[in-house]
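Order-wise, the sequence lines are chains A and B.
So that you can map any letter, position 60 of the first sequence is 60 in my numbering, and since no number is skipped, the others follow by simple counting.
So that you can map any letter, position 236 of the second sequence is 236 in my numbering, and since no number is skipped, the others follow by simple counting.
I should point out that these hints are in silico values taken from the structure, not numbers from a laboratory.
The reader is advised that the hints may include incorrect statements.
What the hints assert, rightly or not - Within a straight-line C-alpha distance of at most 27 Å, the following computed BS3-like cross-link-like pairs (lysine-lysine) qualify:
no.	chain 1	residue 1	chain 2	residue 2
1	B	K70	B	K6
2	A	K57	A	K211
3	A	K30	A	K191
4	B	K60	A	K30
5	B	K29	A	K83
6	A	K75	A	K224
7	B	K62	B	K118
8	B	K180	B	K251
9	A	K178	B	K74
10	B	K74	A	K134
11	B	K62	A	K178
12	B	K62	B	K20
13	B	K180	B	K227
14	A	K45	A	K57
15	B	K251	B	K25
16	B	K7	B	K25
17	B	K60	A	K178
18	A	K178	B	K64
19	B	K251	A	K19
20	B	K25	A	K2
21	A	K50	A	K75
22	A	K2	B	K60
23	A	K50	B	K118
24	A	K134	B	K60
25	A	K221	A	K186
26	A	K75	A	K19
27	A	K187	A	K2
28	A	K224	A	K254
29	B	K180	A	K19
30	B	K62	A	K30
31	B	K70	B	K118
32	B	K16	A	K178
33	B	K62	A	K19
34	B	K62	B	K121
35	B	K60	A	K50
36	A	K221	A	K2
37	B	K70	B	K207
Said to hold, decoys possible - Covered by chain A, per the in silico footprint, the following chain B stretches (three or more residues, Cβ under 8 Å):
no.	region
38	7-21
39	86-99
A quick note: this is a predicted structure, and the numbers were derived from the prediction, not measured.
Note that CB positions come from ideal geometry on N, CA and C, so glycine has one too.
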Amino acid sequence: MKLIIFAGTPGSGKTSLIKYVIQELRVDFKLFFAKFDCLRTEDEKNIAQKYGIPTIKRLAGELCPDHYTALEIPKIIQQNQDKDIVLIETAGLCLRCSPYVNEGLGINVLDITSGHPNRYGPILTDADIVTISKGDLISQAEREIFRYNILDVNPNCNIVEVNGLTGEGAVDIAEYIKNAIDIGKKKLTLKHSMPSAICGYCYGNRVIDEKAVQQRYLAGKELKNLVPNLNCGQCGFKSCNEFIRAVLDKKVKKEQCPFIK
Amino acid sequence: MNKEIKKIIILPGINKFGKKENFDKIEIKQGEIVAVVGPTGAGKSQFLYDLERLAQSDTKSKRKILLNDKIPDKEWKINPKKKLIASLAQSMNFLTDLSVEDFLQLHIQARGEKTDLKLIKEVIDEANQITGEPINPAMNLLDLSGGQSRALMISDLANISVSPIILIDEIENAGIKKEKAIKILVEEGKIVLIATHDPSLALNTDKRIIINNGGVVKIIKTTLREKGIAHYLNWIENYTLEVREQIRQGKKLKDIKLFCEKI
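Only chain A is shown next, with the shape it has when bound in the complex (with noise of 0.2 Å):
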């Protein structure tokens, strides 16, 4: 099985790619999509519908988006054994977190008129490709300076001009996939590790002051020991953090979790 994550920022023309390159990759090979989003999204239904492939759709809601992927990663691979690729697609909200695996392809899709590519973190920097968007909407000279920009802060990847609109570019990145390699049955690792997230805020603090933000990161820690930190699920919340934060807010008692007596 190969795996593919495309990250980018929201607008950037992930989906309008992706779909291309689903497309061209169809007829041959197994494919799987997953859609990662923060609120809502229908683009999984839509390329369900248009392509008659499998698809989920997973929302992040209270958590960050991109350590939620990283979670959900093992058990898609777990229930697509079947499939060929598996493609995914980040919510694409953080320029520090994409989480891009050693053992599979990361691509990212950049929107040429969003500014200087050394502004981006390892979304741009650790992608094995980069694909410039838009880029018909400038000038060439400016093309050709974003091209050296981007080789300026990731001088391995291969740059990809894509167009969304007519899908110029679809057929390299298909064929850049065809070419990856398998993730193998190890354990996928990550191409960097991912911000910390550790302060009473990532608990669910809304009230800005240091000493609300120490005790309610002293609540979530109290019951981040208790709980069994396995997001099995099984208190009706995605992750443990969902639950804490739920216990935290008042929304459920702790008990709901089957861990804690």
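Based on the hints, put chain B in the right spot on chain A.
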């Protein structure tokens, strides 16, 4: 540029219905201008895309592209610093908040070369031959008019860009002398392909490739008569441009000189 492209050869593929295209080979030489014409959706983009990808029977159309009579070096495909085709699309804008001079300098530097004041001057001078409203080096890119922007993009394409093949998707008429623009590109040794519905552009070429149903159906060598028609159309356009400029400058139209450049 260390490797010059002197000639492109296109070998036939198939059309939408799987039928072989109607030609044995198309040769385009350095300095040639070729129009690609056909109804919307006919396959013009695929044709240009095959060129850009250096197709080797591996695209939908199954066309094959040879550079300088040989199967192209992988270098052209893989090296991200080399791009075979530079393009000029219909609705392009500048986004960079810099003076014209500083911007050109940045573009030269991005290509890994030293600042070259002479080259910068040349780019601006040639741009000013294309547009009726002079650009000066200190102007901000974002303040340029549509005509000035387009003229600067073309002159930059001719003088600074590395790509040996220039692809033009319908030059917009407003504010530029199209014939002059194309001439400048060709003089710099580029191969120019224009996808267009504009009659003066389509005829102001060496040949035009007619595409329909995903395949090349005909290649027409531009006749002398057609070139004459193109020249006449162009004269009308330049005349319009001149009238436009005079009106903008608050002049009365009786003062306008008619002009027609030699072919």
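Going down the list of hints, with the structure as the test:
1. B/K70 to B/K6: Between B/K70 and B/K6 the Cα gap is close to 11 Å, so the pair holds against 27 Å.
2. A/K57 to A/K211: The hint is violated at about 38 Å.
3. A/K30 to A/K191: Status holds; Cα separation ~26 Å.
4. B/K60 to A/K30: 21 Å, holds
5. B/K29 to A/K83: 47 Å, violated
6. A/K75 to A/K224: 22 Å, holds
7. B/K62 to B/K118: Violated, because 45 Å separates the two Cα atoms, which is more than 27 Å.
8. B/K180 to B/K251: With a Cα-Cα distance of about 25 Å, the restraint between B/K180 and B/K251 holds, given a limit of 27 Å.
9. A/K178 to B/K74: Distance ~18 Å between A/K178 and B/K74 Cα, so the pair holds.
10. B/K74 to A/K134: With a Cα-Cα distance of about 26 Å, the restraint between B/K74 and A/K134 holds, given a limit of 27 Å.
11. B/K62 to A/K178: OK: B/K62 and A/K178 at ~19 Å, within 27 Å.
12. B/K62 to B/K20: Holds, because 10 Å separates the two Cα atoms, which is no more than 27 Å.
13. B/K180 to B/K227: Given that 27 Å is the threshold and the Cα spacing comes to 15 Å, the pair holds.
14. A/K45 to A/K57: 9 Å, holds
15. B/K251 to B/K25: At roughly 53 Å apart (the allowed maximum being 27 Å), B/K25 and B/K251 break the hint.
16. B/K7 to B/K25: 12 Å, holds
17. B/K60 to A/K178: 17 Å, holds
18. A/K178 to B/K64: Roughly 21 Å between the alpha carbons, so the hint for A/K178 and B/K64 holds.
19. B/K251 to A/K19: The given pair, whose Cα atoms are some 55 Å apart, is violated under the 27 Å limit.
20. B/K25 to A/K2: 40 Å, violated
21. A/K50 to A/K75: Cα-Cα ~25 Å, so holds.
22. A/K2 to B/K60: 24 Å, holds
23. A/K50 to B/K118: 55 Å, violated
24. A/K134 to B/K60: OK: A/K134 and B/K60 at ~23 Å, within 27 Å.
25. A/K221 to A/K186: Outside the cut-off at roughly 32 Å; violated.
26. A/K75 to A/K19: 23 Å, holds
27. A/K187 to A/K2: Roughly 14 Å separates the two Cα atoms, so the pair holds.
28. A/K224 to A/K254: Holds, at about 11 Å.
29. B/K180 to A/K19: Roughly 41 Å separates the two Cα atoms, so the pair is violated.
30. B/K62 to A/K30: Within the cut-off at roughly 25 Å; holds.
31. B/K70 to B/K118: Distance ~36 Å between B/K70 and B/K118 Cα, so the pair is violated.
32. B/K16 to A/K178: Answer holds: B/K16 to A/K178 is near 25 Å, not above 27 Å.
33. B/K62 to A/K19: 23 Å, holds
34. B/K62 to B/K121: Not satisfied, since the Cα-Cα distance of roughly 44 Å exceeds 27 Å.
35. B/K60 to A/K50: 21 Å, holds
36. A/K221 to A/K2: Violated, because 37 Å separates the two Cα atoms, which is more than 27 Å.
37. B/K70 to B/K207: 23 Å, holds
38. 7-21: Result for this restraint: violated, n = 0.
39. 86-99: holds (count 10)
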